[in-house]
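Turn these sequences into a full structure, and let the hints guide you.
Protein chains in written order, with my numbering: chain A, 1 to 278; chain B, 1 to 345.
It cannot be assumed that every hint is accurate.
[As the list claims (entries may be wrong)] Facing chain A, according to a computed beta carbon distance under 7 Å, are these residues of chain B, among others: (1) 68; (2) 80; (3) 254; (4) 283.
In case anyone wonders, no lab produced these hints; they're calculated from the structure.
Backbone N, C-alpha and C define an ideal beta-carbon position, used for all residues, glycine too.
Each chain, letter by letter, is given below.
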Amino acid sequence: MTDAANPYLPLAATVVDVVDETPAIKTLRMTLDDPQARAAFTYRPGQVVQLSVYGVGEATFVLNSTPTRPEFLQCSVMRAGEVTEALHGLRAGDQVGLRGPLGNAFPLDALRGRDVLLVAGGIGMAPLRTLLLYMLDTRADFGAIRLIYGARGPRDMAYAAELDQWADAPGVELTLTVDAPDPGWTHRTGLIPDVLRELSPPARGAVAVTCGPPIMIRFTVQALRELGFADTDIVTTLERRMKCGIGLCGRCNIGPRYVCVDGPVFTLAELGELPPEL
Amino acid sequence: MSAYTVHQGQLPGLFRLWAKLYKVHVPVQTAPGFYDFAPWEPDTEIAWDYDLTVNPLKRHLLPPREDLVVFDTRTYEARGVFQAPQQLLFGVHPYDLRAIAQLDQLMELGSPDRNYRRRRENTVIFALDPLRVAPDAFWSTLGAGRADIGFDLYWTKIGPAMFFVEVGTARGEELLLAAGEVERAGAAQHEAARRTREDTRRRADGHGLKFPWQELPRVMAKAWDAGIWREKSSMCLACGSCNLVCPTCYCFDMREELDESLGKGRRWRQWDACMLPAFAQVAGGHNFRGKHLDRYRHRYFRKGKYIFDLIGEPGCVGCGRCIKACTARIANPLAVFNRLWEEYA
Numbered sequence: 001m002t003d004a005a006n007p008y009l010p011l012a013a014t015v016v017d018v019v020d021e022t023p024a025i026k027t028l029r030m031t032l033d034d035p036q037a038r039a040a041f042t043y044r045p046g047q048v049v050q051l052s053v054y055g056v057g058e059a060t061f062v063l064n065s066t067p068t069r070p071e072f073l074q075c076s077v078m079r080a081g082e083v084t085e086a087l088h089g090l091r092a093g094d095q096v097g098l099r100g101p102l103g104n105a106f107p108l109d110a111l112r113g114r115d116v117l118l119v120a121g122g123i124g125m126a127p128l129r130t131l132l133l134y135m136l137d138t139r140a141d142f143g144a145i146r147l148i149y150g151a152r153g154p155r156d157m158a159y160a161a162e163l164d165q166w167a168d169a170p171g172v173e174l175t176l177t178v179d180a181p182d183p184g185w186t187h188r189t190g191l192i193p194d195v196l197r198e199l200s201p202p203a204r205g206a207v208a209v210t211c212g213p214p215i216m217i218r219f220t221v222q223a224l225r226e227l228g229f230a231d232t233d234i235v236t237t238l239e240r241r242m243k244c245g246i247g248l249c250g251r252c253n254i255g256p257r258y259v260c261v262d263g264p265v266f267t268l269a270e271l272g273e274l275p276p277e278l
Numbered sequence: 001m002s003a004y005t006v007h008q009g010q011l012p013g014l015f016r017l018w019a020k021l022y023k024v025h026v027p028v029q030t031a032p033g034f035y036d037f038a039p040w041e042p043d044t045e046i047a048w049d050y051d052l053t054v055n056p057l058k059r060h061l062l063p064p065r066e067d068l069v070v071f072d073t074r075t076y077e078a079r080g081v082f083q084a085p086q087q088l089l090f091g092v093h094p095y096d097l098r099a100i101a102q103l104d105q106l107m108e109l110g111s112p113d114r115n116y117r118r119r120r121e122n123t124v125i126f127a128l129d130p131l132r133v134a135p136d137a138f139w140s141t142l143g144a145g146r147a148d149i150g151f152d153l154y155w156t157k158i159g160p161a162m163f164f165v166e167v168g169t170a171r172g173e174e175l176l177l178a179a180g181e182v183e184r185a186g187a188a189q190h191e192a193a194r195r196t197r198e199d200t201r202r203r204a205d206g207h208g209l210k211f212p213w214q215e216l217p218r219v220m221a222k223a224w225d226a227g228i229w230r231e232k233s234s235m236c237l238a239c240g241s242c243n244l245v246c247p248t249c250y251c252f253d254m255r256e257e258l259d260e261s262l263g264k265g266r267r268w269r270q271w272d273a274c275m276l277p278a279f280a281q282v283a284g285g286h287n288f289r290g291k292h293l294d295r296y297r298h299r300y301f302r303k304g305k306y307i308f309d310l311i312g313e314p315g316c317v318g319c320g321r322c323i324k325a326c327t328a329r330i331a332n333p334l335a336v337f338n339r340l341w342e343e344y345a
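Given below as structure tokens:
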């Protein structure tokens, strides 16, 4: 049996760069050590990987780089437990274990040719970043892109260095909002669902993709429905504790679905068929 | 399918031979009224008429703890670990065969689990028809009283010192004939085996589901808000015993540790239990099934619906082990399913 066929075996990767995004979030840029594995590694926007710090453990992160820019793989890590703490301790040159890609991806076919509304809260910007960059790199395939990105305060906003670039990209409307502004803040202040209602982007011909803390998702979905988005046109990603990553161990099981295989991306219509354990 | 007649006197020779090739596990009595599988020794007394073993056989296919990967923290080299002893499970009742057949299917969904598959390939299974039915058992009404596949040999005790042995695989037949000549079963032995099975089945049928098991997912689909979840789970100790003794529960956790040099370590999987409070807890503390009720209901939905939706049969074989193991007397798929049938059919 070749080790390559063993779904439990991580590949070695090296951290090439670490970005301090916010006090709680760091972004790791990585490349696989084995040149063959690096050449063979492909993924779709929205898929996740399991990152290992050997001796500490493994945790799941969305790849927030885009396959259209294959120079490195990127994950943003919010400090939340032992593994994320260990990942925060890594510097350029350190190694990690990487398993994946796992799970499904954003429904690009359903998004192509339509306007796309992205609504991100906090670390929820990570999965939407991969989608945003992918769309920017294949710009002609998509209609207008509207991104509403909110965080607690200006210092909690990840990807700060990229925001100007996103705002200037063709056909992109970027709206930033925080709950608690500081004196230098020139963007909006207020909760994401309220900002969403104020902007009231057209639902016609559009798909909404939202990601963030459960409470934000709940009220954002409410606002999206008010704006006329159908549940089949609201896409979100589920947070779930994953262990095996191959649909066996039962950790991320919800109804007949395993988030690690059938998700993490679901439409609201799909979630409506699952037990209310969200 | 070919069948043979084996006499008690031929057994010691056969077992001695098998034990040279395999680690052989057989049912034994561990205390009055209690049975379990134990490694065979020349002086082992096989409990031919056991009704139910405390533990299911999953421990031989999906061990309580199993190494998956060894790694080096300095070089970040990692290697898969496979342990798959040659083993022979003797005396497996049909409901446990059904449970193993389910594991076979489930472990192949998605990316096949090669650790499981290797163990399975190295495992010989000799089934045995039950002569007694455990008081809590309801396998007969779940269609798990008889298995047509999943065994190398199928044994039926047809007399005080005589067995009818049906061949399931060439490997099984080879092992049966390895110690010398064995006579072919005649019509009388076929008939004796049929009568023995019929007799067990009649007794087993008297206790069980009040409805066809095929109806289970349809009933469960309406039962999310059933009162029984609160009623039963209010007494749940969240101990996970029902999960541990269940032949079809296979959820696992993954853990790792470093050796004393801190340079090398291993990652393993170990049985987990969806009834334990932290099973669905994520980083940051949110718990998707934080209440006893959520977890109790989840287990029965897994058994009655989710697994059914995946493989077309319930994730419960009716062995009754969880009923016997539950200290709080609340684990009882039979009582739960029958009650849901009455309320939601």
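Taking the hints in turn, this is what the structure says about them:
1. 68: holds (4 Å)
2. 80: holds (4 Å)
3. 254: holds (5 Å)
4. 283: This interface hint holds because 4 Å falls under the 7 Å limit.
The structure agrees with every numbered hint stated previously.
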